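Put chain B on the given structure of chain A with help from the hints.
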Amino acid sequence: MDDMYRELIIEHYKNPSYRGELDPCDHSYEDENPSCGDELRIMLNVDENNIITDARFEGHGCAISQASADLLLEDVIGKSVDEVKNMTKEDVLDLLGLETLGPARIKCAMLSLKCLKAGLYGVEGHAWEDII
Amino acid sequence: MIDSTKILQDFPLLQQAGPDGKRICYLDSGATSQKPQSVIDAVTNYYEQFNANVHRGIYPISERATKETESTRNKIRDFIHAAASSEIIFTRNATEAINLVARSWGEANLKAGDTVLLSEMEHHSNLVPWYMLAEKIGIKVEFIPVTDEFLLDMDAYHQLLKSRAPKLVSVTGMSNVLGTVPPIKEMVREAHAAGALFLMDGAQSVPHMSVDVQDLDVDFLAFSAHKMLGPTGLGFLYGKKALLNAMPPFLGGGDMIGKVHLGSFTCAELPNKFEAGTPSIAEEVSFGAAIDYLRLLGMDAVYEHERQLTAYAIEKLREIPGLKIFGPLEGARGSAVSFTLDYVHPHDVADILGSRGVCVRAGHHCAMPLHERFRVPATTRASLYIYNNEEDITRLCEALLYVYKLFG
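Protein sequence lines, in the order shown, are assigned to chains A and B. Position one of the first sequence corresponds to residue 1 (this note's numbering), numbered consecutively onward. Position one of the second sequence corresponds to residue 133 (this note's numbering), numbered consecutively onward.
Chain A on its own, in the form it takes in the complex (with noise of 0.2 Å):
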């Protein structure tokens, strides 16, 4: 679909407001999507109350996997670590304006929620199923 690529994406891909360091950080968690090349490394800090204070992500890869980076940031700060780990594919999904996707692109939506909850639980070497 073309409307894939409708503004908000684009907007976040080709200037995100969540690409940056954050040093120091209390979490951070890097992962990829070996079949499409997309790289992420998701920092975080979490404050005495469990709340997300602020966030910011590193990489290179497609559209969707970097906008998703983005746009995720940008809900999850203010929210607690508990309320990051209830979130869905559906959730990220809202975010990115889309319904659904193909089963090639999921891959690259959810790298971001994947990393981000990962980094939280301190797991790793699973797929996006299994961790979202």
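Calculated pairs, BS3-like style, for lysine-lysine (alpha carbon to alpha carbon, straight line, at most 25 Å):
(1) B:K537 x A:K14
(2) B:K243 x B:K294
(3) B:K294 x B:K317
(4) B:K456 x A:K14
Since the hints were made in silico from the structure, they are not lab data. Note that the coordinates shown come from a computational prediction; the quantities given were computed from them, not determined experimentally.
Chain B in isolation, oriented as in the chain A frame:
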């Protein structure tokens, strides 16, 4: 001269409308080709008219199935100019054909420290079987470098033949990413002079040009049916008879045996020795129709059609802002044209093109080392065949200009 507009009529899938309502613009024949009606009909005809297992059935439909699969073997023999039909082994795909050589010839003839010489532009199917052999028996794997001009470095090849004295050189007849066509005949002569055997991975070259195994003097040739109008699930290994005869069997089971006793067996004669189990009968039968189709066109005409269309595609693609082609711009090259756009990831390109009915491939095209060599994570690839024409190139370029409008 090929009339691609007339040819289009023979391919039912290419009559379909894409997502934008126009006919599908299929530019991914390097991955798999479309199939003409005659091949599709041959599959159906087998299942409707003479579906029976081959070889030992002594009744008319089984005998017909055996006769027609062997007829395909003879057509392949003629198509690649092999000396004998028994030199043509049916496999599942080109990958399995290369694995057959690595496991059977490799394990019987190579020992720890022996070198197999590959190139930096090989498909994973001509890399991983040799890496597996390196892990198993300790062979060394060396690589002919690719120059910045996207050609094999022939000086380095000559050096490697001298310094490493490889037992086998295994190189593609046409890079599935760059389109580069190496000088195989010259390379074979030099390999033989240095005491090495030569395997050509013909998955990309056999569908697109005339290949004469006796003239090239290759020892082994691997290729697959589905990239040359045929069905999936069928590939081929050509090997010189003396080599195949001396090789141990690959897979064991029915069909590949002479006699089986409790505790022992003898091998069948070639080619059955390497064809264990019930073969892909419908595929073998229908591939005969694919060869008929290509022979009617003539492989020199196929090559010339693609040469002209590829030159036109390269000329038009170079007009797209920020587009960089990975492959020779002229000279001996095939019809795979890979490129990057400096403002957008190849997956986004392929996705947007797909939504406009233009089917291209994006990724590393099973050639990760080559992409590492040129320091790009992925490329977008358009690959052409007999049914493509200038209108397809126009649609590709229009779609790419739309991508530029969105992302550039």
